[in-house]
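**Student:** Keeping their order, the protein sequence lines are chains S and A.
FYI, our numbering numbers position 104 of the first sequence as 271, with every residue one higher than the one before it.
FYI, our numbering numbers position 37 of the second sequence as 980, with every residue one higher than the one before it.
Derived from the structure by calculation, the hints contain no laboratory data.
Please note: incorrect hints may appear among the correct ones.
[To be verified] Below, in silico cross-link-like pairs of lysine-lysine (DSSO-like), each with a Cα-Cα straight-line distance of 27 Å or less:
1. A:Lys1025 <-> A:Lys1160
2. A:Lys1163 <-> A:Lys1025
3. A:Lys1025 <-> S:Lys237
4. A:Lys956 <-> S:Lys299
5. A:Lys1163 <-> A:Lys1146
6. A:Lys1163 <-> A:Lys1137
Quick caveat, the model's predicted, so the values are computed rather than measured.
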Amino acid sequence: MSSPILEGRTLVKSYDDGQVAALRGVDITIDAGEYVTITGASGSGKSTLLHMLGGLDVPTSGDVLFRGAKLGSEMDLDTFRSSQVGFIFQAFHLLPTLRAVENVQVAMLAIKGRANHRVERASALLEEMGLKDRMQHFPNELSAGERQRVAIARALANEPAILLADEPTGNLDSVNTGHIMDILRGIRETRGMTLVIVTHENDIALSAPRHIRIRDGRIEA
Amino acid sequence: MSSQLSFTGFAWKNLRRRRLRTLLTLCGITMGIGAFVALVGFSRSFEHEWLRLYQSSGTDIAVLQSSLFNSSIDESIGAKIKQLPEVAAVAPLVFNLIDLTPDVNALVYGWPADSYEMDSLNFTSGTRFHAGQPEIVLGDLLAQTLKKTTGDTLTILGETFTITGIFHGGTALETGAVIMPLDQMQIISSRQGKVTAFHVRLKPTPAGQTYEQYVSKVQKEIEALVPGIRAEAAAERASNNQIVDMAHSVAWGTSMIALLIGIVGIANTMAMSVFERTREIGVLRALGWKGRHVILLILTEAGVLGLVGGLLGIVVGLGALWILSIMPQTASVVSLSVSPDHLVESLLIAIGSGLLAGAYPAWRASRLSPVEALRYE
């Protein structure tokens, strides 16, 4: 039986002094190596939940635990993000001044003791993503699918335990969507990583062994 | 192609992104540092020239009243000073900064024809002047500027003087100067019987005393001998005299204003840059960059601006100093002798200014919430 890698306990997130509630007491447990998809309407709180689980944001009340350690108190959020989590965003968020191979290295700049292997590792990851001939290209010289593959390589740079993807295919056509999903599922299988994907697309949501629906800041039964 | 990404390389790429803005910011800090190098270099070279002037003539002590240009001492006091057992020679002098032509001004000295200070002049043509005669000798730089040679005449304050010789002085203060008999200088400046100062040369330092102790002892003796006057060691005099003080103050004041403008320029650039890159900073935070990594990145960018601006500023400053050292109006008081310390100091000030200017934008960037920064449009 797998052990929990991420837990959310009674997560509440509200804005404007409690006037707007994005999460209304969410309890969630994700096991190590699990593949989970989260769906919900716009504004339902699914991205907010993903941000909480990835340590990008902190809950108004409640706790997020990584392997039993409370984020923010027992484990530093920056350290958690740099060493345990890889993020993939809908808008790719590549840095425009850097080449593909440099964009992947940016994630490693925050980690000590990797200076000698940064280029080798970034190159190997891009090669794995099928971008061997695109390493020296800037983001504006790449197609949308290629950009997302660079972003996936960047997310894997520090060998995280968890991959969190927020609408990773939202800006892609159907061909690239299929390609990116194949890559993500392949990564999960070969590396044994935990994969959590927030998506609008039913096909993707239903392809996961576990599918969570969120509505008005609560998980639907 | 390896494309190894370093922190500094990343900062440099960010600066190159907005080339025009980076260039304009560099212009600001370059001008600030250029002004600092030129103006402070000018005032220090001025001080240095004074020191060399004293050293080349063998003067150990300068005796004067409270302020240099207003100093007016009875000429007869020289004889009293000469009677002190430690004193080898006393040279009275009158000097002033005088317009020789509408474009050229120069230091004009009145020295006794037999002053020991005349021995330090190296005549390239002609000979010394004679006491009581309307004669002058010119420094070679000034002679060149005025296109005068031995035998020509020069009108100073309405009086015509014959040039008896051209000399090469050891300092810019001498090579750009006019020297005439003391009595003639007293007449044209209406200071008969008065002098600006006395230069005193001491006998060799006795055994058992340091030079400083010896000079200090004689200073006290001179001041006790003639109440109301000041005796200063030559080295101290070079750095303490009012003209040098004034030059220092103006130089520092002006260059600090220029530097401040440069600092505001960098601060504005970095603040704009942080504002524009809010979402990118959010990405970096999402990738696990700590607040201090973001601070380091922004400060590196600001520091690089300071460093490059500083290097360019040094080139500009030295160029300006070189121009001052050959311009007729300033050649008599400026030489292109800038100490390496001054250049290092300028570079450190430039980098420090960059870091200071980048501090607030860096701190602000480090405080951005990752998720809010990522949402930023």
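**Student:** All the hints need checking, so say for each whether the structure fits it.
**Tutor:** We went through each hint and held it up to the structure:
1. A:Lys1025 <-> A:Lys1160: The hint holds at about 15 Å.
2. A:Lys1163 <-> A:Lys1025: Between Lys1163 of chain A and Lys1025 of chain A the Cα gap is close to 15 Å, so the pair holds against 27 Å.
3. A:Lys1025 <-> S:Lys237: violated (89 Å)
4. A:Lys956 <-> S:Lys299: Holds, at roughly 23 Å.
5. A:Lys1163 <-> A:Lys1146: Measuring from Cα to Cα gives roughly 16 Å; hence the hint holds.
6. A:Lys1163 <-> A:Lys1137: holds (23 Å)
Comparing the model with each numbered hint stated earlier shows that hint 3 is the single one that does not hold.
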